[in-house]
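Take the given structure of chain B and dock chain A to it, following the hints.
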Amino acid sequence: MTVQTEFARRSPIRTMERHIHDGLGKGQIGVLASPKGVGKTACLVQIATDKLFQDKPVIHVSYASRVDYIITWYEDVFREIAGALRTEAPLEVHDDVVKNRVIMNFKQEGTRTEQVLKSLEAMITMGRFAADSVIVDGYDFSLSSPADLAKFREFAGRLGLEIWFSASLRGEGSLYDASGAPLLLQDFLASIDVLITLHAEPDHVRLRVVKDRNHPAAGDLPLKLDPKTLLIA
Amino acid sequence: MTAKNATMRNIGISAHIDSGKTTLTERILFYCKKIHRIHEVKGKDGVGATMDHMELERERGITITSAATNVGWAGHSINIIDTPGHVDFTIEVERALRVLDGAVLVLCSVGGVQSQTITVDRQLKRYDVPRIAFINKCDRVGANPVKVRDQLVEKLGHNAVLMQIPIGLEDRHAGVVDLVAMKALYFDGAEGEVVRVEDIPDELAAEAKARRDELVDAVSMFSDRLLEAALESRVTDDLLHEAIRKGTLARKLTPVFMGSAYKNKGIQPLLDGVVRYLPGPADVANEAHDTAQDGAKVALRTDDDAPTVALAFKLEDGPYGQLTYVRIYQGVLEKGLEIVNTRSGQKVKVGRLVRMHADSMEDIVRAGAGDIVALFGIDCASGDTFAAPGLSLAMTSIYVPEPVVSLAIAAVDKKDQDRVAKALNRFTKEDPTFRSHVDPESHETIIQGMGELHLDVYVERMKREYKAEVRTGMPQVAYRETIGQRVAFDYTHKKQTGGAGQYGRVIGALEPLPGGAFEFVNDVKGGRIPREFIPACQKGFQAVLRKGELTGFPVVGVKVVLSDGAYHEVDSSDMAFQAAAQGAFREVYRKAKPYILEPIMKVSVEGPSEFAGNVFATINQRRGIIVSSVEDGLFARVDAEVPLSEMFGYATTLRSLTQGKAEFTMEFLKYGRVPSAKAEELAAEYQEKRRRDAK
Numbered sequence: 001m002t003v004q005t006e007f008a009r010r011s012p013i014r015t016m017e018r019h020i021h022d023g024l025g026k027g028q029i030g031v032l033a034s035p036k037g038v039g040k041t042a043c044l045v046q047i048a049t050d051k052l053f054q055d056k057p058v059i060h061v062s063y064a065s066r067v068d069y070i071i072t073w074y075e076d077v078f079r080e081i082a083g084a085l086r087t088e089a090p091l092e093v094h095d096d097v098v099k100n101r102v103i104m105n106f107k108q109e110g111t112r113t114e115q116v117l118k119s120l121e122a123m124i125t126m127g128r129f130a131a132d133s134v135i136v137d138g139y140d141f142s143l144s145s146p147a148d149l150a151k152f153r154e155f156a157g158r159l160g161l162e163i164w165f166s167a168s169l170r171g172e173g174s175l176y177d178a179s180g181a182p183l184l185l186q187d188f189l190a191s192i193d194v195l196i197t198l199h200a201e202p203d204h205v206r207l208r209v210v211k212d213r214n215h216p217a218a219g220d221l222p223l224k225l226d227p228k229t230l231l232i233a
Numbered sequence: 001m002t003a004k005n006a007t008m009r010n011i012g013i014s015a016h017i018d019s020g021k022t023t024l025t026e027r028i029l030f031y032c033k034k035i036h037r038i039h040e041v042k043g044k045d046g047v048g049a050t051m052d053h054m055e056l057e058r059e060r061g062i063t064i065t066s067a068a069t070n071v072g073w074a075g076h077s078i079n080i081i082d083t084p085g086h087v088d089f090t091i092e093v094e095r096a097l098r099v100l101d102g103a104v105l106v107l108c109s110v111g112g113v114q115s116q117t118i119t120v121d122r123q124l125k126r127y128d129v130p131r132i133a134f135i136n137k138c139d140r141v142g143a144n145p146v147k148v149r150d151q152l153v154e155k156l157g158h159n160a161v162l163m164q165i166p167i168g169l170e171d172r173h174a175g176v177v178d179l180v181a182m183k184a185l186y187f188d189g190a191e192g193e194v195v196r197v198e199d200i201p202d203e204l205a206a207e208a209k210a211r212r213d214e215l216v217d218a219v220s221m222f223s224d225r226l227l228e229a230a231l232e233s234r235v236t237d238d239l240l241h242e243a244i245r246k247g248t249l250a251r252k253l254t255p256v257f258m259g260s261a262y263k264n265k266g267i268q269p270l271l272d273g274v275v276r277y278l279p280g281p282a283d284v285a286n287e288a289h290d291t292a293q294d295g296a297k298v299a300l301r302t303d304d305d306a307p308t309v310a311l312a313f314k315l316e317d318g319p320y321g322q323l324t325y326v327r328i329y330q331g332v333l334e335k336g337l338e339i340v341n342t343r344s345g346q347k348v349k350v351g352r353l354v355r356m357h358a359d360s361m362e363d364i365v366r367a368g369a370g371d372i373v374a375l376f377g378i379d380c381a382s383g384d385t386f387a388a389p390g391l392s393l394a395m396t397s398i399y400v401p402e403p404v405v406s407l408a409i410a411a412v413d414k415k416d417q418d419r420v421a422k423a424l425n426r427f428t429k430e431d432p433t434f435r436s437h438v439d440p441e442s443h444e445t446i447i448q449g450m451g452e453l454h455l456d457v458y459v460e461r462m463k464r465e466y467k468a469e470v471r472t473g474m475p476q477v478a479y480r481e482t483i484g485q486r487v488a489f490d491y492t493h494k495k496q497t498g499g500a501g502q503y504g505r506v507i508g509a510l511e512p513l514p515g516g517a518f519e520f521v522n523d524v525k526g527g528r529i530p531r532e533f534i535p536a537c538q539k540g541f542q543a544v545l546r547k548g549e550l551t552g553f554p555v556v557g558v559k560v561v562l563s564d565g566a567y568h569e570v571d572s573s574d575m576a577f578q579a580a581a582q583g584a585f586r587e588v589y590r591k592a593k594p595y596i597l598e599p600i601m602k603v604s605v606e607g608p609s610e611f612a613g614n615v616f617a618t619i620n621q622r623r624g625i626i627v628s629s630v631e632d633g634l635f636a637r638v639d640a641e642v643p644l645s646e647m648f649g650y651a652t653t654l655r656s657l658t659q660g661k662a663e664f665t666m667e668f669l670k671y672g673r674v675p676s677a678k679a680e681e682l683a684a685e686y687q688e689k690r691r692r693d694a695k
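Line order of the protein sequences matches chains B and A. Number 193 in the numbering used here belongs to position 193 of the first sequence; there are no gaps in the numbering. Number 505 in the numbering used here belongs to position 505 of the second sequence; there are no gaps in the numbering.
Pulled out of the complex, with its shape left as it was, chain B reads as follows (with noise of 0.2 Å):
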């Protein structure tokens, strides 16, 4: 496992959990927010390789993507890793990470939050998948409401996980309000904990955290993505 233990020590996403107290925790919702293109889905898969490598199962929940794409944007960054790192052993180390991935998807128009839910405790409980993280990409907040949100965080709360989501940003004009929440998602604050915004400049992109719990913010991240890779530095 040394391979894994260096790329967590190393990992950009220390310095996000140190901005933020110590990471998300369990029991507890995390957001990133933004709108289509800046690299949501990217930094999800990175929250979860990091999660993977430190050998804690996760769960992603993808709604509308197909699972070959989700599958593909894991191996790429997985290689991003693997050639940073300079592996010697490349295939066992994915493999074992791979083992402790699994991505369940569902479409959201018809399939109600309890019937997800239920879902997801069977694979912890009836699958013996003893996950320590959940990844949910892709979901509409438009076609959600506060209530669905919680539901989520009370399911957090009682298996014990962490739960990130990616929120899409869509229309004119401006997308938040004064203090850099979403407008989107102003009727979901209360059962938000961590809310980071992710903003495209000219060369990268810039994390900023807007919420952190009862804390205050702690305002833009020392992190970019590579625009290229959209990999975290």
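Treat the hints with caution; some may be incorrect.
[Stated by the list, open to error] Result set (BS3-like, lysine-lysine): computed pairs, CA atoms no more than 27 Å apart in a straight line:
id, chain 1, residue 1, chain 2, residue 2
1, A, Lys525, A, Lys495
2, A, Lys246, A, Lys147
3, A, Lys661, B, Lys107
4, A, Lys602, B, Lys99
5, A, Lys602, B, Lys107
6, A, Lys155, B, Lys118
7, A, Lys263, A, Lys183
8, A, Lys147, B, Lys56
9, B, Lys56, A, Lys670
10, A, Lys670, B, Lys99
11, B, Lys118, A, Lys661
12, A, Lys678, B, Lys56
13, B, Lys26, B, Lys224
14, A, Lys155, A, Lys246
15, A, Lys155, B, Lys107
16, B, Lys107, A, Lys125
17, A, Lys661, A, Lys147
18, A, Lys525, B, Lys99
19, B, Lys151, B, Lys107
20, B, Lys118, A, Lys602
21, A, Lys155, A, Lys602
22, B, Lys99, A, Lys678
23, B, Lys107, A, Lys252
24, A, Lys246, A, Lys209
25, B, Lys107, A, Lys246
Because the hints were derived from the structure by calculation, they are not lab data.
Quick look at chain A alone, frame taken from chain B:
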């Protein structure tokens, strides 16, 4: 496109078992006037449906192997390829799908989209096959074709559009309303052979009008001319046909027909649909692999004047010898033409050329591009490509997966032994994933294949077709061994006790070769081992790799680097160096951290989402890894990677857990490391077996 292949159709009829596929095929043959009487599938007259020529299929009422039958309809030549309904016979399914250009998806008006419908539809999708749907059994209690159309949309994601509405359902099912011509069609005569065209009954006029509007709406996006005409209310039948064909060929539309094959209703309009909407051979793009160019893809032309390229997709034992079904992709086949089997390089002359109708045949002298015919007297394996001399094209990839399960068989009666041998010879030719050999130690006949069911079917076929009763052992997983680390060797083989001595010394290393089988590198400098003995060294290593020490299964993933050695002027020989190589390997193998590999299968379970949890549990209990689960409303699919050794009997478990509502498919994925507890168990079993064998 030549005028000839524009009037040609190569179609498959795909369905969930029990949707009435065989009955439908039978009716199609009948109406095309090729047969004179309709037989029922489980024939009361003991004859059985014409397409089902295998006894086994006759008894089960299902169709397992593919055969091609030619019929004529409305000036078109239609080759019907009988596609296997079962999902496990991968090679059979893939080959059948390979040669057809369009398909009729048969659904039961009561059962609707069933699990196997989903599977066959997915296969058709994978091969980009345009489809039309036929909702059968409209005479059954509970028939609801509109609901089935909705399921096509919701469960299969088809843009399914009703081409007809039923005139009466269940026992009052009398015919259909054609929404293009806006006429009622009834099927008269003793066997429905007379199509009577009438005005639409008053009580259906409103529904017919509404459904027709739906149809025009849905298809006008495929034709600007139709769209314009629709806006000006001057839609013609031809404009509609043209747009429907366009949408269907682009796989963006599924025209839905209906009726009851059993009650002889709705078949003729379906045949009209086949020739109107499904593609001819030239409408479909086909590619071959150029084996001289590292398998680069080459586009083929459906043109009689191009050099010949044909695929042998099915072999059959006929009363006159081996019959080889071929699809001609490019050029022609004619009597006396010289063609080359691009796999074996063997040149052959086309002898007898026939067009098949289930059990009868018609001799022909020539067949053009796009056609499906059969050849006599040609020795080849299924999947071989025949091409004009000078072409190095292959229609199928050369890669054939290694079998993962084996089974010992023995003829119950000594008299049956010849028949068993004959059957095995036939099956191994037909199916490259099925193999057989005699184990040199136990002298048992071992058959190998891609899964339990795969082998079961061949055992059944031996009984039915060859009257050979066999006893079978327990299915056995094909394990492998490999090494975990580099290890050096230095071994001298020396025997000098009277007579000619033996001497050979080899020095080098074994290295892991992940994903590979065997590699031999000769690094010997300065003739320390004379060049003539190097092949013997390689041979020695290869021989010893055939049987690993842990389990007796072959050792793979080993690179042997031979760097040094020594020889003796008189006592060195091929034999001595072979022995030295084997000795070297045996001496150091354990130090190379060997471990056992097992076949890991890609398993896909489909069923109602309420059972998803149970499915997760079964995968977990089987040492499986769940890769993904996809839930779409009430339906769920779970994809997992599970060791084959844990999958025996899974069908039964799954059936009882889900009340038969879930189904699974599996195929070989890769070899993976056996966990240590299991590895110890396997090693102990092998030692025990060796002790037994030694006694």
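Right, here's what the structure says about each hint:
The suggested pairing of Lys525 (chain A) with Lys495 (chain A) holds, with an alpha-carbon distance near 25 Å, which does not exceed 27 Å. With a C-alpha separation of about 25 Å, the suggested pairing of Lys246 (chain A) with Lys147 (chain A) holds against the 27 Å cut-off. With a C-alpha separation of about 22 Å, the suggested pairing of Lys661 (chain A) with Lys107 (chain B) holds against the 27 Å cut-off. About 14 Å separates the Cα atoms of Lys602 (chain A) and Lys99 (chain B), which keeps this hinted pair within 27 Å; it holds.
About 24 Å separates the Cα atoms of Lys602 (chain A) and Lys107 (chain B), which keeps this hinted pair within 27 Å; it holds. For a cut-off of 27 Å, the pair hint linking Lys155 (chain A) to Lys118 (chain B) stands: about 22 Å separates their Cα positions. The straight-line distance between the Cα atoms of Lys263 (chain A) and Lys183 (chain A) is roughly 20 Å, inside the 27 Å bound, and the hint therefore holds. In summary, the hint linking Lys147 (chain A) to Lys56 (chain B) is not supported, as the alpha carbons are separated by about 45 Å, beyond the 27 Å threshold.
A distance of roughly 25 Å separates the Cα atoms of Lys56 (chain B) and Lys670 (chain A); the hinted pair therefore holds under the 27 Å criterion. Distance hint between Lys670 (chain A) and Lys99 (chain B) is fulfilled; the C-alpha atoms sit about 15 Å from each other, no more than 27 Å. Between Lys118 (chain B) and Lys661 (chain A) the CA atoms are separated by roughly 20 Å; this keeps the pair inside 27 Å, and the hint holds. Restraint check for Lys678 (chain A) and Lys56 (chain B): the C-alpha separation of about 25 Å stays at or below 27 Å, so the hint holds.
For the proposed pair Lys26 (chain B) and Lys224 (chain B), the alpha carbon gap of about 26 Å is at most 27 Å, so the pair holds. A C-alpha spacing of about 23 Å is found between Lys155 (chain A) and Lys246 (chain A), which places the hinted pair at or below 27 Å, so the restraint holds. At roughly 13 Å between alpha-carbon atoms, Lys155 (chain A) and Lys107 (chain B) fall within 27 Å of each other, so this suggested pair holds. Under the criterion of a C-alpha separation no larger than 27 Å, the hint pairing Lys107 (chain B) with Lys125 (chain A) is consistent with the structure, at around 21 Å.
A hinted pair counts as satisfied when its Cα atoms are at most 27 Å apart, and Lys661 (chain A) with Lys147 (chain A) qualifies at roughly 19 Å. A distance of roughly 46 Å separates the Cα atoms of Lys525 (chain A) and Lys99 (chain B); the hinted pair therefore is violated under the 27 Å criterion. The straight-line distance between the Cα atoms of Lys151 (chain B) and Lys107 (chain B) is roughly 18 Å, inside the 27 Å bound, and the hint therefore holds. Straight-line distance between C-alpha atoms of Lys118 (chain B) and Lys602 (chain A) comes to about 25 Å, which keeps the hinted pair within the 27 Å bound.
Distance check on the hinted pair: Lys155 (chain A) and Lys602 (chain A) sit about 23 Å apart at the alpha-carbon level, within 27 Å; holds. In summary, the hint linking Lys99 (chain B) to Lys678 (chain A) is supported, as the alpha carbons are separated by about 18 Å, within the 27 Å threshold. Under the criterion of a C-alpha separation no larger than 27 Å, the hint pairing Lys107 (chain B) with Lys252 (chain A) is consistent with the structure, at around 22 Å. The straight-line distance between the Cα atoms of Lys246 (chain A) and Lys209 (chain A) is roughly 23 Å, inside the 27 Å bound, and the hint therefore holds.
Of the pairs offered as hints, the one joining Lys107 (chain B) and Lys246 (chain A) is violated, with about 30 Å between alpha carbons and a cut-off of 27 Å exceeded.
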